[in-house]
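Q: If you want the building blocks of each chain, they are given just below.
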Amino acid sequence: MLAYPLIAGVLFGLYFSLLGIGLNLVFGVMRIVNLAHGDFLMLGAFVAFGVFYLLGLDPLLAVPLAFVLFVIVGIVLYGLLVPRLQQSRDPEMLSIILFFGLSQVIEALVTIAFGTSERSIPSRELGSLMTAAAKALGAKPEGGPVDILGQSFPAAWVISAVVSVIAIGLVYVYLYRTRLGTLTRAVMSRRDEAFATGINVDRVCAAAFGIGLGLAAIAGVFAPFMFGSVTPAFGADATVTAFVIVVLGSLGNPLGTALGGVVYGICYMLVQTFLSSWADLLPYVLLILVLLLRPSGLLGRKVRVA
Amino acid sequence: MSPDAKPILTVNGLVKRFGGFHALDGLSFHVSSGEILGLVGPNGSGKTTAINVISGLYAPDDGTLTYDGASIGGLASHKLVHRGINRTFQIPKPFLSLTVRQNVEVALAYGRVGVAPPKLSDLLEQYHLAEFADRPAADLNSSQQKMLDLVRALATRPRLLLLDELAAGLNPTELDWIAGHIKALAQSGLAIIVVEHLMGFIEQITDRVIVMNAGKEIFEGTLAVAVKVPQVIEVFLGGEHGA
Amino acid sequence: MPSFVRHLLLIVAPLIAAFAILPGVYDNHLLLFNFVIFLILAQGVNIIYGFTGYLPFGYVGFFGAGAYGFAIMVMHFQTPAPLAVLVAGVVGVLLGLLLTPLLRLSGAYFAIANLAAALAVLHFVANPALESITKGPYGVALNGTFNPTLAYVGAVIILALTLGIVVFLRNSSFGMALQAVREDAVSAAMAGVNVVKMRVIAWLASALVAGLAGGVFAWYVSVFYPDNVFSNDFSIFAIVFALFGGVATIMGPIVGVLILYGVYNLIGFTTPQYFQLIYGVLIMALVLFLPAGLVSLATRRGWNVP
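Chains as they are written, first to last, in this note's numbering: chain A, 1 to 306; chain B, 1 to 243; chain C, 1 to 306.
So here's chain A without its partners, still in its complex pose (with noise of 0.2 Å):
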């Protein structure tokens, strides 16, 4: 009776930390809060869409397609917005507001263009390349569902949660076996150190941000598997639980991201299984006594107290 809801929590809660990831990196590195972030998930999904149903191809392949295509608008974006905002007396507050604005920017865009429909793309089409790839070696496809334990999980959201664990495992790479990302780490802890000891603080931040969307980006091409469908006003509830996810790890650490991430699933599945009425209420509640009771998150250490 457990082993399911524990067992998709964990499953969900990879995802989740995927989903929460861009947002810590640009947060942590640029104190800039990305109330865009959701968005640019939903974009992703939206480059899922393309790939399936304009391409008829894979919607896993949409997964470098969209990384690519997002650090990129990412680095451009960098460029236009955040210099000129860190000019002004209060860069962080003023953030959320100005990505707020971005967000809305994004959201008619893409309703504009694609209307407001639900979309969604069927479950099995994640992975038919890996299946055909399977068959053509002779191989027995496994197609369907997925057994873990005795319990019987989607395959989607298995791959969701695997791709999730190798951007994790990437972006942890990048962050402690790179120099960029050495730089990076160096800007997060004292950026005006950073800035004293002649690293291009600029550089660094713009790698950041870029890769940050990128993140948010893959998280969204597996949001129409994981959510079921996906509109253009998916993105604003997406930054919310970002922002849970992020809160629950800590800022900064991939790690805490993903810790805080399985949490956040686990917690999601067992309330969803056991008291579904009030699962709306959950990401809120979590994120308000989290940040009241353990403010630097569960593997932080920074302080964040007015």
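Wrong hints could be hidden among the right ones.
Below, in silico cross-link-like pairs of lysine-lysine (BS3-like), each with a Cα-Cα straight-line distance of 25 Å or less [said to hold, decoys possible]: (1) C/197 <-> B/93; (2) B/79 <-> B/6; (3) B/119 <-> B/93; (4) C/197 <-> B/79.
Note that these hints are calculated values from the structure, not bench results.
Given chain A's structure and the hints, the job is docking chains B and C onto it.
A: Just chains B and C now, with coordinates in the frame of chain A:
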């Protein structure tokens, strides 16, 4: 007033920990009205932490603070201000968007109660801020911001004033000028504790110094004597094992 | 003449008089009513954001709670409408008290937690499990108290009260001390200011006016759903209006509402997504090019704006 009078502030066995680090580790000293006491010691010896605990920024973990016969350990800053304790900051943080005048007006309105406040225009005049009175504090340079910080403290009519690195960054003329002001304040009856790195400045204004190392006092007396004590010399020449 | 008398005579009195007379000469009473509501909310945001620096991103929580406070009093206790509006104000203050711990958070954390709080209240009120009390997601209909004329008068009175609070803040050492706390809490404490008490008072004053506005709104419209009165558009509009004019002044939010809400109604509602697009662009331009609001055009020239 004689420096031998009953102390206005007595610090006894003060302890302040940050995690496992003992920033203050049993500090004891006292200061009397009309006296200027210097707190000196190497970086990290706990001077600023001592000021922060006395002014209520941090609650002490152990030990007692007796001010004017009452225990004040752990009281909130604004309550200490109302009782007559005030301070300046190493890096002053004035209210940047308010004018210089408004900066002082806040302190005049919310400072120590039951005492006639000093005249704002006099204060600004004395500390060379009168011409900037109606400009935002953000327009001041760093030494003017330090003076504004001092005026903010004085506007609350303190009886015990803690000065944290007030002299750092001032030129020699300004140093003489501010030294004269600090001495005059002491003569008017304030007890003053000065944290400072500039030894010449300390020698010029203090009646007595406390040399600190690793969170407690290792010497008490005049600076002239202090510089001849081997333990003090060792601490200042880099003996970090004194704890 | 003391400046607060001057401000009352030259700003508040003419504005209140105009809104008292306008219904006689202008037929679109709903529009006038909405102007009054947004003036109240923008000034409410001004009280907490302008004077203390806390960005109330979920400000609508107080408004919606006030609306439901009104509705519950009318539905279950047959309270006369004016009294129920007062209760709405009390509900706003009570919710403010409940959320007081949020003031421990700083910067974006406060804004996000406040948003989460508003959403939590929405999902609580809209929960079908509470249908017997709040009518859940099905909305309320308060036919017995329907009286737009009186409700409008009530709104104008609340506006006068709100403007009175702002005039007081602008002209008192209390308001100056609040701004000092906003600039630097430690220095403010060393000026003798009780930082916590000041913040809580401003927070509750801001909650009070939003609660009252919610109550009078419920009275005016008499039929509404949780999604109407908890729509975060109220928070966003109030923040953007206040910011556009310039916070920590009396005039700024007034000018902001008159211009922007005027523009809003000129563009009209015919194609919501184009409207959303224009609004999004406008918000972004505001943050990037005029972050301190219209009044900064004057203050930059050394003029003092009340």
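Q: Hint by hint, note whether the structure agrees.
A: To see whether the hints hold, each was checked on the structure:
no.: 1; hint: C/197 <-> B/93; in the structure: 21 Å, holds
no.: 2; hint: B/79 <-> B/6; in the structure: 23 Å, holds
no.: 3; hint: B/119 <-> B/93; in the structure: 23 Å, holds
no.: 4; hint: C/197 <-> B/79; in the structure: 12 Å, holds
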